[in-house]
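**Q** Each chain, letter by letter, is given below.
Number of protein chains: 2
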Amino acid sequence: MTENERRSGSVTLADVALRAGVTSAVVSRLINDSPSLSIRPETRARVMAAIEQLGYRPNAAARSLSRSKSDAFGLIIPDFDNPVYAKIIEGAESTAVAMNCVLLTGSAVGSGLSPAQYAERLGNGRVDGLLLAGAEDAGGLDQPSSRSRVPFLMLNRRVPGIDRYIVLDDEGAATLAVDHLTSLGHQRIAHLGGPVRADTAQRRLAGYRRAMKAAQLSIPDDYVAPADYTAVGGMLAMERLLKLSDPPTAVFVASVASAIGALRAATSHGISVPEQVSIVAVHDLPLAAFLSPPLTTVRMPLAELGARGLWLLAQSDASAKITEVFGAPMQLILRESTAVPRRTKKPISSVTRRKS
Amino acid sequence: MTENERRSGSVTLADVALRAGVTSAVVSRLINDSPSLSIRPETRARVMAAIEQLGYRPNAAARSLSRSKSDAFGLIIPDFDNPVYAKIIEGAESTAVAMNCVLLTGSAVGSGLSPAQYAERLGNGRVDGLLLAGAEDAGGLDQPSSRSRVPFLMLNRRVPGIDRYIVLDDEGAATLAVDHLTSLGHQRIAHLGGPVRADTAQRRLAGYRRAMKAAQLSIPDDYVAPADYTAVGGMLAMERLLKLSDPPTAVFVASVASAIGALRAATSHGISVPEQVSIVAVHDLPLAAFLSPPLTTVRMPLAELGARGLWLLAQSDASAKITEVFGAPMQLILRESTAVPRRTKKPISSVTRRKS
DNA sequence: CTGAAAGCGCTTACAG
DNA sequence: CTGAAAGCGCTTACAG
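Residue numbers (our numbering), protein chains in the order written: chain A, 1 to 356; chain B, 1 to 356.
Think of the hints as simulated: they come from the structure by calculation, not from any bench. Please read these numbers as outputs of a predicted model, since none were measured by experiment. Some hints here could point you the wrong way.
Since the list can't tell identical chains apart, any single copy or any two copies may satisfy a pair.
Straight-line distance between alpha carbons at most 25 Å, and here's what the computed SDA-like set of lysine to any residue pairs gives [what the hints assert, rightly or not]:
1. 69 to 319
2. 69 to 180
3. 69 to 10
4. 243 to 21
5. 69 to 49
6. 69 to 329
7. 69 to 185
8. 213 to 195
9. 243 to 163
10. 243 to 289
Generate the whole structure from the sequences, applying the supplied hints.
**A** Here you go:
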């Protein structure tokens, strides 16, 4: 190392060039294997050696600045605690890496920032695009006056007026679930839904209604119990459902998280699943298989969504409209939380129920 | 907008300065509210207006380059699917934001990259420091020849020869759990451990042995069943434990994920928890409360670890040694998966207990 | 094919 | 207090 090389913390292209006896343009071209570079093997070796010896690492900021491109994408999720996002991240991350980029994910909740604020902070120049997953509140980003110049794409979430989203076929998923229940012979099927304002919840609800209608089944008003995609919410909503004078024999739950709560509610009230009430939920999780009973779910192509979203974001230019209902196949994962209903028309009182 | 302003995609400091009739140095100083700037309120207003009208956003890459500081930190975790990391991320993220920085997290598994490769890709200049959580394989980063110039800190993981870590008191956690079990009267206590190579697992095992010794309890060889911190692993290991000729009346599980599997194993074999076997696990999860029975756990200060780690990383310089056993308090969360052991040697049928 | 040089958009001593 | 200018570390037309 020359004194120059050790002077600053970082070894630069110039340092490498100097040591290799070439110009930094050559080193740059070599590193990026630019087609316009024909270098003698011997020189190439010298450069490589210099890089090696100096431990040269390109500076991403400098590179980003001069190319106006960072080779990084951002993903903002509401909350790392919700396991559903893990799969989305995985999908997006692996395709980012495949594109020789990196995916940086952050959460709004964890940071205490709104998605828009987070996006601002991520700032121009740090990422080439932003994926916004399940943002309840896209506040600011939807405003045309939004400050962020970074192209974005909403994942599984629509906001009126923003034509930049890719969503899953939530209605289809609901249909799959409800059809499963009706084919088992259920008639009294309730829906433990998501937050009324979330459009995924709205679409799942719509799918439920449609499937019920198609099966010529009626929906008592109190059979639709909105919750909030959390376990506690699911637990509470399920308790309400269970207390109905004419309780459902099956419930279609809008999210696994809520389903876990719902399952717990049933169990703790001595109501057995699936004997007394069947449960099927949207979204599959590794965990679902380990509950007692293992949960029947509709597997949504979450990883694929993340992958597709990143791809779309990387391809299209910032101003293009993207309004896609992602068609990757969903799948009913049959486990043990659904079964044929016990004989209908029998008085409920014949069932032993207890409150805690 | 002048033609210049709309020409390029991005509005620059110069554009703002031009419109406000000042120099870009002034705008820069204003934005960063540099103390050496005393500007007339009227001029300030003009600059602000220009920023507003132009929708100016500072370019992070340029800023990073000129300051050699990115105001961003990276966090690399093995896998987003493991809910334990959610809390760590949360802690690190909120303290990053409090420092006016941003936390970028990525996963090794999701990306298919080793932590070292990921760190390389994140590159110099993109982040000011890297937190490495639970890296099983720190391969490369531990090498002194490592290419990354970014200061890093290992979170809850030690690698021989690297004096850059902060760990939790895993031994203490194990003691807490085992003491709980012995105080309940258990004598045949098994340990469903983590991967033998993971040092967290080693420390939990050590804690278990120590606590058992302190209680003058012996540990049959087959009472130590290593698993892999996953539900499947926990399930398999638990089955082995349950099949023992002299099975334990309680098991201390090294991770919640495994505990979920263990619980499932017991349940599906008709063995009731806690009546026939008590289960206590390290790490608490929101979910633990919703299992049947709700899991008794040792809550570790995960968020605090993330927060402390980020702080440490941000403070100390890259070459300093950081070897901290983080002392934030742990807590036994008593739920329903542990109980007094059934009378030993008595037939199981003699016990009558019901839930809720 | 390769070198010299300008430029990416900021920040910040250094002079006025 | 503020302006002019150099510099952060790269990339890349543009000439040789």
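**Q** Does each hint fit the structure? Answer for all of them.
**A** Do the hints match the structure? See the list:
Proximity of residue 69 to residue 319 under the C-alpha cut-off of 25 Å is restricted to the intra-copy arrangement: shortest distance 17 Å within a copy versus 31 Å between copies. When the C-alpha separation of residue 69 and residue 180 is checked against a cutoff of 25 Å, the pair qualifies neither within a copy, at 48 Å, nor between copies, at 56 Å. Taking the shortest Cα distances, residue 69 and residue 10 sit within 25 Å of each other both inside one copy (22 Å) and across copies (12 Å). In the homo-oligomer, the alpha carbons of residue 243 and residue 21 never lie at most 25 Å apart, since the shortest distance is 82 Å inside one protomer and 70 Å across protomers.
With identical chains, the CA atoms of residue 69 and residue 49 are never at most 25 Å apart, being 28 Å at best within one copy and 28 Å at best between copies. For the identical chains of this complex, residue 69 and residue 329 are neighbours neither inside a copy (34 Å) nor across copies (45 Å), given an alpha-carbon limit of 25 Å. In this assembly of identical chains, the alpha carbons of residue 69 and residue 185 never lie at most 25 Å apart, being 57 Å within a copy and 64 Å across copies at closest. In this homomeric assembly, residue 213 and residue 195 come within 25 Å of each other (Cα to Cα) only inside a single copy, at 22 Å, whereas the closest approach across copies is 52 Å.
Taking the shortest alpha-carbon separations for residue 243 and residue 163, neither the intra-copy value of 42 Å nor the inter-copy value of 58 Å comes in at or below 25 Å. Taking the closest pair of Cα atoms, residue 243 and residue 289 come within 25 Å of each other only across two copies (22 Å); inside a single copy the shortest separation is 27 Å, beyond that limit.
Hint compliance for this structure: hints 2, 4, 5, 6, 7 and 9 are broken, all remaining hints hold.
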